[in-house]
Each structure stands twice: as structure tokens, then as C-alpha cells.
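Colleague: Sequence:
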Amino acid sequence: MFMDKDANSEIQLPPGFRFHPSDEELIVHYLRNKVTSSPFPTSFIAEIDLYNYNPWELPSLC
Numbered sequence: 001m002f003m004d005k006d007a008n009s010e011i012q013l014p015p016g017f018r019f020h021p022s023d024e025e026l027i028v029h030y031l032r033n034k035v036t037s038s039p040f041p042t043s044f045i046a047e048i049d050l051y052n053y054n055p056w057e058l059p060s061l062c
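Sequence positions in the sequence shown follow the UniProt record's numbering and run 1 to 62.
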């Protein structure tokens with residue numbers, strides 16, 4: 001279960017859910033939005049600068 005940080009509502013995902021998009025899905029639904037400064041299709045994917053954190057700090061940012 002994930003919390004939608006904008007709306008403070010729970011998003012129900014089935015057990016074992018994995019984010020494993022195809023190359024086409026990444027380009028069409030995520031990367032194109034990033035390049036055009038459009039919002040992501042969902043708000044529970046955080047955007048962070050990986051260079052500002054150590055690897056062991058990343059889990060706490062989820």
C-alpha cells in the first residue's frame with residue numbers, strides 16, 4: 001500500500017506489485033512527460049536528485 005502524498009489517500013496495490021514497465025511504456029507515459037515538463041500520470045512516484053543522497057538514505061525517501 002502506498003500513500004498518495006498530495007491527497008493523503010491510500011492507493012491499494014496487489015501484493016507482489018512491481019514497477020516493471022516496458023521501454024515503450026517508460027517513454028510514452030513517463031519520460032515524455034518529464035521532457036515536456038508535464039505532470040506524471042501518478043503522484044506517488046517521487047522525483048529526487050540521486051546525487052544529493054547516499055544509497056542507504058534512499059529507502060527513507062519512499
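Heads up, a few of these hints could be off.
Claimed, not checked - In silico lysine to aspartate or glutamate, EDC-like type, Cα no more than 20 Å apart, as pairs:
hint, residue 1, residue 2
1, Lys34, Glu57
2, Lys34, Glu24
3, Lys34, Glu47
These are computed hints drawn from the structure, not numbers from a lab. Predicted model only: the values in this text are computed from it and were never measured.
Colleague: All hints are to be evaluated individually against the structure, with a verdict given for each.
Modeller: Going through the hints against the structure:
no.	hint	in the structure
1	Lys34 / Glu57	violated (24 Å)
2	Lys34 / Glu24	holds (15 Å)
3	Lys34 / Glu47	holds (10 Å)
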